[in-house]
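Q: These protein sequences, in sequence, are chains A and B. In terms of this note's numbering, the first sequence opens at residue 47 and continues consecutively. In terms of this note's numbering, the second sequence opens at residue 47 and continues consecutively.
Everything labelled a hint here was simulated from the structure, so no lab data went into it. Among the hints, erroneous ones may be present.
Heads up, the list lumps identical chains together, so a pair's fine if it works in one copy or across two of them.
[Stated by the list, open to error] Simulated crosslink set (SDA-like; lysine to any residue; CA at most 25 Å straight-line): (1) Lys211 to Gln177; (2) Lys182 to Ile145; (3) Lys68 to Ala127; (4) Lys68 to Tyr124; (5) Lys211 to Ala150; (6) Lys68 to Ala155; (7) Lys182 to Ile72; (8) Lys67 to Asp215; (9) Lys68 to Arg128; (10) Lys182 to His152; (11) Lys129 to Leu157; (12) Lys67 to Leu79; (13) Lys129 to Thr77; (14) Lys52 to Ser118; (15) Lys201 to Glu111; (16) Lys182 to Pro63; (17) Lys67 to Gln114; (18) Lys201 to Gly51; (19) Lys211 to Leu200; (20) Lys67 to Glu117; (21) Lys201 to Gly153; (22) Lys67 to Ala163; (23) Lys211 to Asn66; (24) Lys95 to His120; (25) Lys129 to Arg202; (26) Lys95 to Ser136; (27) Lys129 to Glu70; (28) Lys68 to Asn125; (29) Lys52 to Leu108; (30) Lys67 to Ser235.
Every value quoted in this text rests on a predicted model; they were computed, and no experiment measured them.
Number of protein chains: 2
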Amino acid sequence: MSNQGKTTLHIGLIHHPVLNKKRETIGSAVTNLDIHDIARTAKTYGVAKYFISTPYQDQHQLVGELLQHWESGHGASYNPARKEALSIVSIAASLDDIIDTIEAEHGKAPLLVTTSAVMQDNSVSYNDLAQTIINKEPVLLLFGTAHGLAPEILKRADVSLPPIKGGTDYNHLSVRSAASIIIDRLLGS
Amino acid sequence: MSNQGKTTLHIGLIHHPVLNKKRETIGSAVTNLDIHDIARTAKTYGVAKYFISTPYQDQHQLVGELLQHWESGHGASYNPARKEALSIVSIAASLDDIIDTIEAEHGKAPLLVTTSAVMQDNSVSYNDLAQTIINKEPVLLLFGTAHGLAPEILKRADVSLPPIKGGTDYNHLSVRSAASIIIDRLLGS
Chain A
47 MSNQGKTTLH IGLIHHPVLN KKRETIGSAV TNLDIHDIAR TAKTYGVAKY FISTPYQDQH
107 QLVGELLQHW ESGHGASYNP ARKEALSIVS IAASLDDIID TIEAEHGKAP LLVTTSAVMQ
167 DNSVSYNDLA QTIINKEPVL LLFGTAHGLA PEILKRADVS LPPIKGGTDY NHLSVRSAAS
227 IIIDRLLGS
Chain B
47 MSNQGKTTLH IGLIHHPVLN KKRETIGSAV TNLDIHDIAR TAKTYGVAKY FISTPYQDQH
107 QLVGELLQHW ESGHGASYNP ARKEALSIVS IAASLDDIID TIEAEHGKAP LLVTTSAVMQ
167 DNSVSYNDLA QTIINKEPVL LLFGTAHGLA PEILKRADVS LPPIKGGTDY NHLSVRSAAS
227 IIIDRLLGS
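Sequences and hints are given; from them, build the entire structure.
A: Listed below in structure tokens is the structure:
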């Protein structure tokens, strides 16, 4: 497998703590297609690692079985391209876990970047964040499942990306679509 | 429901004729999430209409039931935002069907634009196509399911968008991700 085009951008899909419809903090279930679709986009753009973060042990087992199927089970021979995309996926128990893993590899903590459908106080432009990645600084970009990242995660961020606006008042992208659009804005040519 | 931000861009998701892994022409099955995810992105960016194209009557019935659930069934009250996204979805039997519908509304045939993971001879830049939409010319942008649009569809196109490149040699985006990225490149601010 080639490392051609590999960047210092890491992404994390957070399943806890996130918000539900009523803006209460919850843990969400891991979704099969969130793993596949976002891994394929991440691999296309040279994202270094895609972390699936959940504190629940049964979810770790489920993700582990899925990855095993595609990495060394029947899926590996059936679809080698899928195996390659999923090779950048790791499971993590928490945000601190992800940060520790990146710090161990890069010798420093990553710039912690959040995404939200609401503008935050600490916003950074897509161009400025793209430049940080070009400079090879480690970056960890977080996406929230369900109705988005909980305030306790947003508060920890060094910077936050502005919400995606499409020129209408409708604002309900899937996390899969939002991740694809944001990764393209940061790493697309 | 507001028409604020509505554009002249129409999109079509083609289920026949498309290619399989061996580059044979086939018809693919409609996927629930292709409808939901792409409708949400399309609605966010003011796409005029999202056509699901398949010649199979059982698939028409399936899509009809799904739309009914979200438009007037239990889903409509459970998730009004989803209802709004799916309000721009139409089912069509063929590409000609879609073109006829757009022509009936706009008084002229749309500019027919295809997408492909391989560069075509008739390529147009994202900026030029964006300008066509700003000029309020009707545009029909086609995405292929399975392994992409069949040659007979690509040959009919007036122009084609260049493939999405992510700076690596990996090139296996889901159609959901590709559609989101391309719509953002055309209509994002």
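Q: Now tell me, hint by hint, if it's right for this structure.
A: Outcome of the hint check:
1. Lys211 to Gln177: both (22 Å within a copy, 18 Å between copies)
2. Lys182 to Ile145: within (16 Å within a copy, 47 Å between copies)
3. Lys68 to Ala127: between (39 Å within a copy, 15 Å between copies)
4. Lys68 to Tyr124: between (42 Å within a copy, 13 Å between copies)
5. Lys211 to Ala150: This pair counts as neither: shortest intra-copy Cα distance 36 Å, inter-copy 30 Å.
6. Lys68 to Ala155: neither (33 Å within a copy, 45 Å between copies)
7. Lys182 to Ile72: neither (34 Å within a copy, 44 Å between copies)
8. Lys67 to Asp215: Close inside one copy (18 Å), not across copies (39 Å); limit 25 Å.
9. Lys68 to Arg128: between (36 Å within a copy, 17 Å between copies)
10. Lys182 to His152: Within. Shortest intra-copy distance 10 Å satisfies the 25 Å Cα cut-off; inter-copy 49 Å does not.
11. Lys129 to Leu157: Classified as neither: same-chain Cα gap 29 Å, cross-chain 38 Å, threshold 25 Å.
12. Lys67 to Leu79: Both: 21 Å inside a chain and 20 Å across chains, each within 25 Å.
13. Lys129 to Thr77: both (18 Å within a copy, 22 Å between copies)
14. Lys52 to Ser118: within (23 Å within a copy, 47 Å between copies)
15. Lys201 to Glu111: For lysine 201 and glutamate 111, neither the intra-copy (33 Å) nor the inter-copy (43 Å) Cα distance is at most 25 Å.
16. Lys182 to Pro63: neither (29 Å within a copy, 44 Å between copies)
17. Lys67 to Gln114: Close across copies (23 Å), not inside one copy (33 Å); limit 25 Å.
18. Lys201 to Gly51: For lysine 201 and glycine 51, neither the intra-copy (32 Å) nor the inter-copy (32 Å) Cα distance is at most 25 Å.
19. Lys211 to Leu200: Only inside one copy: lysine 211 and leucine 200 sit 19 Å apart there, 31 Å across copies, limit 25 Å.
20. Lys67 to Glu117: Answer is between: at 20 Å across copies they meet the 25 Å cutoff, but 35 Å inside does not.
21. Lys201 to Gly153: within (24 Å within a copy, 52 Å between copies)
22. Lys67 to Ala163: within (13 Å within a copy, 37 Å between copies)
23. Lys211 to Asn66: within (22 Å within a copy, 35 Å between copies)
24. Lys95 to His120: Cα proximity of lysine 95 and histidine 120: one copy only (23 Å, versus 39 Å across).
25. Lys129 to Arg202: For lysine 129 and arginine 202, neither the intra-copy (33 Å) nor the inter-copy (35 Å) Cα distance is at most 25 Å.
26. Lys95 to Ser136: Within one copy only: 7 Å inside a chain, 38 Å across chains, cut-off 25 Å.
27. Lys129 to Glu70: Between copies only: 23 Å across chains, 36 Å inside a chain, cut-off 25 Å.
28. Lys68 to Asn125: Between copies only: 13 Å across chains, 40 Å inside a chain, cut-off 25 Å.
29. Lys52 to Leu108: neither (28 Å within a copy, 42 Å between copies)
30. Lys67 to Ser235: neither (36 Å within a copy, 28 Å between copies)
Comparing the model with each numbered hint stated earlier shows that hints 5, 6, 7, 11, 15, 16, 18, 25, 29, 30 do not hold.
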